[in-house]
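FYI, the numbering for the sequence shown is 6 to 559, going by this note's numbering.
Source of the hints: derived by calculation from the structure; they are not laboratory data.
Keep in mind the model is a prediction, meaning the values are calculated, not measured.
Among the hints, a few may not be true.
[To be verified] Below, simulated PhoX-like cross-link-like pairs (lysine-lysine); rule was C-alpha separation at most 20 angstroms, straight line: (1) K469 <-> K320; (2) K106 <-> K234; (3) K401 <-> K255.
[Claimed, not checked] Pair by pair, the computed Cβ-Cβ distance ranges are: (4) P316 <-> A354: 25 to 31 angstroms; (5) L492 <-> P316: 22 to 28 angstroms; (6) I224 <-> I85: 40 to 46 angstroms; (7) R482 <-> F351: 51 to 57 angstroms.
Ideal Cβ placement from N, Cα and C applies to all residues, glycine included.
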Amino acid sequence: MDTNAATETMMIPATRKRKLWKKKDPNRATTSSIVSFCGSTFFSRSIGELIASYFTLFLTDFMLLRPEMIVVLMLVTRIIDAFTDPIAGAIVDITHSPWGKSRPYVLFGSFPLAIFTVLLFTVPNFSLMGRLVYVYVIYIGYGLAQTIFSVPLATLGMSITADPTERKNIYTISGFMGSFGTAIPGAVPIIFQYVATSHSAQETAYFLIGMVIGAGTLIFGISAFFTMKEKTVSLSQVKKEKVKLRKNVKALLLNRPLICTFFSSVAISLRSMGFGAMIYFFKETMNNYALATFIGIGSSIPSYLFMLAVPFLAKRFSPRNLCIAGYAFAGFMYLLFFFSGYSSIFWVAFFFIVSGIPSGMISTCATIIVADSVDYMEWRTGVRSEGLVWSINGLKTKAASTLSGVWLPIGLGFVGYHVAQANSEFIIQSDATKQGLFYLVALAPLAGSVLAIVPLLFDNFFGKNRERIFAELEERRKKAIEEEKALEASIDPELAAEGVGAEGAVTETAENTTETIAEDVIDAPVAEQSVEALSADEQPADEQPTNEETNSDK
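Starting from the given sequences, assemble the full structure and let the hints guide the process.
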């Protein structure tokens, strides 16, 4: 007995040693794959910020294109860009290669993206028409290369781990890295103010910044191919069913939160004209490039703090009401800015910084509304389609981006901004144009903030109604689980003997039942569906909210 006890005692350290040196779970992401994904996100956001903030300035002051030319350019390129993402996603889904679905496109897409990024900020020695054609070719090529690279990268980022918690952490880290990536373009005003003060030096600075971002994109694109492995099976491989377009379209038309958020985002694109005009305002009216960077840094810090406060604020206020409050606050600050003028640098910086405080909160809450709209659509119609909802959300972003790219050159033409005829000297704008630039940065965001509130007022998915819908949906899901268990228990044992598993039979029966119910709910009149609180007047008397409930729906 003592010998056996001694043997047991001696085996304990060996067992602990084996646990200490156990291999990492192969379904989790490696450190190198996380670094590659975050690095690719960093440079992808950098080039996006550079184009959003300074590309129009580059076209007017260095490519010498007139505002009306830029309007047509933005419309044509953005319309093309609106259709490329879904096409690229469909191509990725049907791809079957030894390297997976997404990795080949990330690798081969990084090369043209790096090249087009550099060419996009290169000024050729052409005539005006030659430069215009050059910009069309390069900008469209850049958009296609960006789609080929970014869509597979996003898909690959979802599949490098099978752990949902780890996936959430990876996207959190990549989101912060993407925010830091915007710091590279943010240095442009400081470079122009203190380093590259001549026109030719600023042209060279644009080229060098494009080189840095293009090289970083290429390096991390190659690294992503070799380090990021697809470890999860796509939904299309697991769920073998055909999506009926007619049914999904009907369900989308009844998704009120999604529709309201869509039009709100389109309206807020008007505010982007003011953001794009900021660099012109600080350059021409304030005669200080660097203020754009300092004010941008000053407004981003409180904006990130408010973004982190959303989980705590959402316990008391609905995301819809937080968006309305954020837009109202920003609009009020721009109204005060308009009346205060721009004679004092302090007040200019103050209103720009304070008005940007709710930006992070608004962006986060808008995303929450879109995510919650999937549950609303399931409650209203019986159809749950996350992919289609997020595709519409992507279309919303494309539409807002298209309008944002059009408003700014229209605004510049309206205030009489003059483009230099030679590519060697700066042109001095008139006092009326400088005053007009102030109107763009003050009144355009004010109008955009007010218009963005209007569609959200028609969204009734908040407060007690929101809680009621979630509770009803949860009850339906529990009932469906109980029914599925009952069906599983009633399966004929002879089916299992013939090779038809109970799980497959139950799943097929449940899917057919759910599909039939969904089609019946959609095709049925609204009066026959579950009672929806479209407004307080439409509810029965016993369902009218009390004053206490109304006050709680903040």
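Results for each hint:
1. K469 <-> K320: With a Cα-Cα distance of about 13 angstroms, the restraint between K469 and K320 holds, given a limit of 20 angstroms.
2. K106 <-> K234: Holds, at about 10 angstroms.
3. K401 <-> K255: holds (18 angstroms)
4. P316 <-> A354: 25 to 31 angstroms: For A354 against P316, whose Cβ atoms are near 30 angstroms apart, the range 25 to 31 angstroms holds.
5. L492 <-> P316: 22 to 28 angstroms: Roughly 39 angstroms apart at Cβ, these two residues miss the hinted range, so it is violated.
6. I224 <-> I85: 40 to 46 angstroms: violated (28 angstroms)
7. R482 <-> F351: 51 to 57 angstroms: Holds, at about 56 angstroms.
Hints 5, 6 from the earlier list are contradicted by this structure; the remaining hints agree with it.
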